[in-house]
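**Student:** Listed here are the chains, written in short residue letters.
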Amino acid sequence: MRWRWFLGGAMDEFLLSAATFVLLMVALGLVRVARGPGYADRMMAAQLLGTGGIGALLLVGAAVGEAAVVDVALTLALLAAFTSIAFVKYMAHEDRPPGVDEDSA
Amino acid sequence: MDRLLDLFSIVAIVSGAFFFLAGSVGLLRFPDAYTRLHALTKADNLGLALVVIGLLPQVDGVLAGLKLVVVWLLVLLSGAAVSQLIARAARRREKQT
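Chain order of the listed sequences is A and B.
Just so we're aligned, residue 6 is where the first sequence starts under our numbering, counting upward by one.
Just so we're aligned, residue 904 is where the second sequence starts under our numbering, counting upward by one.
Hints in this document: simulated from the structure, not taken from any laboratory.
Incorrect hints may appear among the rest.
[Said to hold, decoys possible] Here are some of the chain B residues that sit facing chain A, going by a computed Cβ distance under 10 Å: (1) D909; (2) G919; (3) G926; (4) V928; (5) L931; (6) D935; (7) V954; (8) G957; (9) Q961; (10) L971; (11) W975; (12) L977; (13) V978; (14) A984; (15) R991; (16) A993.
All figures in this text were calculated on a predicted structure; none of them were measured in a lab.
Built from N, CA and C at the ideal position, the CB exists for glycine as well.
Produce the entire structure from the sequences given, and follow the hints as far as they go.
**Tutor:** Structural data, given as structure tokens:
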């Protein structure tokens, strides 16, 4: 039986292939960054990169048995959140009519 | 038992990878920002959730498993808040033009 290959201790290979697949999907999603059309669409693709990167990191971490990779994934999750918050702040700043100061908006 | 757990991992991770595929395809094919956001949140929540659930039997120790769950919860929380904010920004921009 062919699927015995997976169950016979080659789990690490499976995890690495899954990580590769997830990264490929994220790369496919990045086409949206090039196409746009809005800033929000580009930001969504960047957010997908964040989530997919975390997923791929966790898979690789389990495959090579390195626990520290989970910390990297945790940091990436935090940074991805901050990226999007910075984007929203920037958009709010962009949309504000000229002459309105920081506090009243 | 080990093989059963491995099989469980494989099924969960393959389903998670499928949701990443669905998220990317949706992000590329859906017509406007809101539907794309819908596709993205599927990849965010379900894709990563299934990958984390599939990895749980593979890590050694309860603490390592809990850490995986914490990563997922952080992504879930920030994803929920941020997609709300992104949709609001997109809507505001739409109203202006």
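**Student:** Holds or violated: the hint that B:R991 contacts chain A, with Cβ atoms closer than 10 Å.
**Tutor:** This hint holds: B:R991 lies near chain A, its Cβ roughly 8 Å from the closest one there, short of 10 Å.
**Student:** Holds or violated: B:G919 as interface residue toward chain A, Cβ cutoff 10 Å?
**Tutor:** holds (7 Å)
**Student:** Checking hints one by one. Is B:V954 an interface residue toward chain A, by the C-beta closer than 10 Å rule?
**Tutor:** holds (5 Å)
**Student:** With 10 Å as the cut and Cβ atoms as the points, is B:D935 at the interface with chain A?
**Tutor:** holds (9 Å)
**Student:** Have a go at the B:G957 hint: is there a Cβ in chain A nearer than 10 Å to its own Cβ?
**Tutor:** B:G957 check passes; min Cβ-Cβ to chain A is 8 Å, inside 10 Å.
**Student:** B:D909 was flagged as interface toward chain A. Is the shortest Cβ-Cβ separation under 10 Å?
**Tutor:** Result: holds, 5 Å to nearest chain A Cβ.
**Student:** Restraint: B:A993 near chain A, CB-CB cut 10 Å. Satisfied or not?
**Tutor:** Given a least distance of 4 Å, the restraint on B:A993 holds.
**Student:** Holds or violated: the hint that B:L931 contacts chain A, with Cβ atoms closer than 10 Å.
**Tutor:** holds (6 Å)
**Student:** Against chain A, with CB atoms and a cut of 10 Å, does the hint on B:L977 hold up?
**Tutor:** With a minimum Cβ separation of about 5 Å from chain A (threshold 10 Å), the hint on B:L977 holds.
**Student:** Quick check on B:A984 please, does its C-beta sit within 10 Å of some C-beta on chain A?
**Tutor:** holds (8 Å)
**Student:** Would you settle whether the hint for B:V978 is holds or violated, based on the nearest Cβ-Cβ distance to chain A being less than 10 Å?
**Tutor:** holds (5 Å)
**Student:** Holds or violated: B:W975 as interface residue toward chain A, Cβ cutoff 10 Å?
**Tutor:** It holds, given that the least Cβ distance between B:W975 and chain A is near 9 Å, below 10 Å.
In terms of the numbered hints stated before, the structure departs from none.
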